[in-house]
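> All chains, full assembly: derive it from the sequences and hints.
One line per chain: the protein sequences are C and D, in this order. Positions 0 to 408 (numbering that gives the first Met the number 0) are the ones given, in order, by the first sequence. Positions 0 to 408 (numbering that gives the first Met the number 0) are the ones given, in order, by the second sequence.
Hints may be right or wrong, so weigh each one.
All copies of an identical chain are treated as equivalent in the list; a pair is satisfied when it fits inside any one copy or across any two copies.
[What the hints assert, rightly or not] Lysine to aspartate or glutamate pairs mimicking DMTMM-like chemistry, simulated, CA-CA at most 25 angstroms apart:
(1) LYS287 <-> GLU395
(2) LYS358 <-> GLU395
(3) LYS287 <-> GLU120
(4) LYS34 <-> GLU217
(5) LYS362 <-> GLU398
(6) LYS39 <-> GLU198
(7) LYS87 <-> ASP231
(8) LYS34 <-> GLU158
(9) LYS124 <-> ASP17
(10) LYS404 <-> GLU14
(11) LYS124 <-> GLU369
(12) LYS399 <-> GLU361
(13) LYS362 <-> ASP10
No lab work stands behind these hints: they were computed from the structure. For clarity, every value in this text was computed on a predicted model and none was experimentally measured.
Protein chains: 2
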Amino acid sequence: MKEFFKVMTLDAVLEFRDRFKIKTVEQVSLDQSHKRILAKPLVSDRDLPDFSRATMDGYAVRASSTFGASSGSPAWLTIVGSVAMGEKPTFDVGPGEAARIATGGMLPQGADSVVMIEITETVDKHTVEVYKSVAPGQFVIERGEDFEQGKTILMAGQEIRPQEAGLMAAFGVDSVTVYAKPRVGIISTGDEVVPVSEEPPPGHIRDINSYTLGGLVEGAGGIPRTYGIVKDNEKELYNRCEKALLENDMLLISGGSSVGVRDFTTAVLAALPDSEILVHGIAISPGKPTLLARVGEKAVWGLPGHVVSAMIVFDVVVKPFVHAIAGRKPFCGDRFTIPAVLTRNVPSGQGREDYVRVKLIEKDHDILAEPVLGKSGTINSMVLADGLIRIPMNTEGLEKGCRVKVRLM
Amino acid sequence: MKEFFKVMTLDAVLEFRDRFKIKTVEQVSLDQSHKRILAKPLVSDRDLPDFSRATMDGYAVRASSTFGASSGSPAWLTIVGSVAMGEKPTFDVGPGEAARIATGGMLPQGADSVVMIEITETVDKHTVEVYKSVAPGQFVIERGEDFEQGKTILMAGQEIRPQEAGLMAAFGVDSVTVYAKPRVGIISTGDEVVPVSEEPPPGHIRDINSYTLGGLVEGAGGIPRTYGIVKDNEKELYNRCEKALLENDMLLISGGSSVGVRDFTTAVLAALPDSEILVHGIAISPGKPTLLARVGEKAVWGLPGHVVSAMIVFDVVVKPFVHAIAGRKPFCGDRFTIPAVLTRNVPSGQGREDYVRVKLIEKDHDILAEPVLGKSGTINSMVLADGLIRIPMNTEGLEKGCRVKVRLM
Numbered sequence: 000m001k002e003f004f005k006v007m008t009l010d011a012v013l014e015f016r017d018r019f020k021i022k023t024v025e026q027v028s029l030d031q032s033h034k035r036i037l038a039k040p041l042v043s044d045r046d047l048p049d050f051s052r053a054t055m056d057g058y059a060v061r062a063s064s065t066f067g068a069s070s071g072s073p074a075w076l077t078i079v080g081s082v083a084m085g086e087k088p089t090f091d092v093g094p095g096e097a098a099r100i101a102t103g104g105m106l107p108q109g110a111d112s113v114v115m116i117e118i119t120e121t122v123d124k125h126t127v128e129v130y131k132s133v134a135p136g137q138f139v140i141e142r143g144e145d146f147e148q149g150k151t152i153l154m155a156g157q158e159i160r161p162q163e164a165g166l167m168a169a170f171g172v173d174s175v176t177v178y179a180k181p182r183v184g185i186i187s188t189g190d191e192v193v194p195v196s197e198e199p200p201p202g203h204i205r206d207i208n209s210y211t212l213g214g215l216v217e218g219a220g221g222i223p224r225t226y227g228i229v230k231d232n233e234k235e236l237y238n239r240c241e242k243a244l245l246e247n248d249m250l251l252i253s254g255g256s257s258v259g260v261r262d263f264t265t266a267v268l269a270a271l272p273d274s275e276i277l278v279h280g281i282a283i284s285p286g287k288p289t290l291l292a293r294v295g296e297k298a299v300w301g302l303p304g305h306v307v308s309a310m311i312v313f314d315v316v317v318k319p320f321v322h323a324i325a326g327r328k329p330f331c332g333d334r335f336t337i338p339a340v341l342t343r344n345v346p347s348g349q350g351r352e353d354y355v356r357v358k359l360i361e362k363d364h365d366i367l368a369e370p371v372l373g374k375s376g377t378i379n380s381m382v383l384a385d386g387l388i389r390i391p392m393n394t395e396g397l398e399k400g401c402r403v404k405v406r407l408m
Numbered sequence: 000m001k002e003f004f005k006v007m008t009l010d011a012v013l014e015f016r017d018r019f020k021i022k023t024v025e026q027v028s029l030d031q032s033h034k035r036i037l038a039k040p041l042v043s044d045r046d047l048p049d050f051s052r053a054t055m056d057g058y059a060v061r062a063s064s065t066f067g068a069s070s071g072s073p074a075w076l077t078i079v080g081s082v083a084m085g086e087k088p089t090f091d092v093g094p095g096e097a098a099r100i101a102t103g104g105m106l107p108q109g110a111d112s113v114v115m116i117e118i119t120e121t122v123d124k125h126t127v128e129v130y131k132s133v134a135p136g137q138f139v140i141e142r143g144e145d146f147e148q149g150k151t152i153l154m155a156g157q158e159i160r161p162q163e164a165g166l167m168a169a170f171g172v173d174s175v176t177v178y179a180k181p182r183v184g185i186i187s188t189g190d191e192v193v194p195v196s197e198e199p200p201p202g203h204i205r206d207i208n209s210y211t212l213g214g215l216v217e218g219a220g221g222i223p224r225t226y227g228i229v230k231d232n233e234k235e236l237y238n239r240c241e242k243a244l245l246e247n248d249m250l251l252i253s254g255g256s257s258v259g260v261r262d263f264t265t266a267v268l269a270a271l272p273d274s275e276i277l278v279h280g281i282a283i284s285p286g287k288p289t290l291l292a293r294v295g296e297k298a299v300w301g302l303p304g305h306v307v308s309a310m311i312v313f314d315v316v317v318k319p320f321v322h323a324i325a326g327r328k329p330f331c332g333d334r335f336t337i338p339a340v341l342t343r344n345v346p347s348g349q350g351r352e353d354y355v356r357v358k359l360i361e362k363d364h365d366i367l368a369e370p371v372l373g374k375s376g377t378i379n380s381m382v383l384a385d386g387l388i389r390i391p392m393n394t395e396g397l398e399k400g401c402r403v404k405v406r407l408m
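Next up, the structure:
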């Protein structure tokens, strides 16, 4: 028996991420920054808010003026003015005094809290009754409570969610420095593969991988670009790789990684100028016959032709590399895995990590992970699946009832 | 004490989704369909695959020819041919025979399984030794195993993930009928609000909500369009609403929903032709003073001015309406909540649902949900948060250690 693959562990493969550089940066307007990756930290240039604000409609008071108030024995306060929105009050609030204020209004000097309008009754235009005592600071956001001046409030590598965009708006950042999205070329190979628009002759199948991989690249924050199908022709694959490498930051070749065709893809990659085969097989299932080469400064992947294997290898192995060149820090904004309870025994092989498709079922306060049965070539199994679980290397599998972590796909 | 809001439960509010129609449909090419919502079911027009395929490199055999084989006593099989990729084999495989085949190749007549190359040794060009028995069907995807002809394989309302795109590719669908994305107009109101590009004078703040709501609309599958800031001027708000309603399918007005300004927004909405105020307050916190009106066939929301309240109301209340007019079925592709363990007691008010921001911390096989403390006006609390937990109505809160479901934000 021959040894076909010098397999490497997944962790060892992931260390190669350091070999590939982060993309350059670009400026986008704040309203175009959704889900982009911040390339510069944001430091607060002021206190936020820079004045103490009411968070309720009511009366700005000194809390001590209300101490002991109840519905039986309300506090009577003298109304000394009304805070206009967006204006700095010209009067102070002393003991036994109150000023009308709306949500977002600036607290007058002397006031330390807001009595919500629901617990007051206006007696006449100069007097208000308060039925409950309030604590100092109640219904007020103090100056600097959100952020103090000079603090790093966002880090490079963070994904910009709506709240991060709002924070930048608060600091007046209307143009954001983000990392450029990595462009990822996709080539399908195989004599049996025909374009989606063609009717496959007997023994042929349509090109599925260009579409699944395209969607996965988009989901990982990259820009996919497809280069069609290359029949098993070494010269043509070389030329197509050369062109795609000129126009992209990473390249995915699917279908050329099983024995035979794989040697052929390896030969093409080895022939490209300044190239080095880094990985010749990974100890995962599905996905063992995966290739990784460095060509110049770019990563080129040989992925399995099976759609399911290719998708799982993308999710588990390739995506972290896309994130790396996208500048995305793994510690920020990552999706969490979902803890779930396995519904049946899942055996696994020795000497590799297994990735198993599961469907999630909500049940009371738990989520059940039901393995999706199906051979690795059926795309239906991916459509039925919500995510993947990992069976670590050197275990014989996982038992029904054990807790697993599910990564959504 | 006055009753300011005729509050409605969240469930009652969500029932109004039926009042608003799904958007029209449009055609997009398959490679532009990522995350769009399918508007027509997909029915299989053939078996998939439409021939039995090898899923390993090796030899196509009758499984019975290998029964009893071991390394000590291998089965000797006669090689009768080689399956060319993308071609229909012209020979059969009988008992004691084998044919070379690569992954994806079409199984010859008579063969029912594939012996993987790793458990074979070629003796000469006519003979191969097999060291292990294989089961019928091993390393083969049978015709129709993925999908049988005539089955509904995707439903209208499903989100198109990479696997659904791949499935459509397999069936030759290169142009997809999807629902048009809902266009959502966003207006900020308030005398104290200034554009992001301006330096706020004392007592003013920058317009944050246009950006947070814009990002949330995008995340919910809509197309946001901002209409700037309207000062507290009834005529101007009326005109801006009229324009935004012409150009959009839904409208969000933020900042005009606290008492006073709220009456003013209500007056404008009531004055628009064919309008009806449906909701005058919701029994949730934050977010109680939320307005919903129907103007013609469109939903118009009055959201709280506080950034955090507005974001939470969007996530909990508005997003389901965006999904409804986007044609997105709640049963498909929805994000799962993450089960987690609460790290401290969280009190809550009676007669309302409370939504509490939490940070998630992975710990062994569990995830901890740590409430983010902070007043509702601090956007920092949203930046620190990973998601929200819900405290049901008529409970006094949740206890440390209890299991909660976290919706990611």
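> Of the hints stated earlier, which fail here?
Of the numbered hints given earlier, those the structure breaks are 9, 11, listed in rising order.
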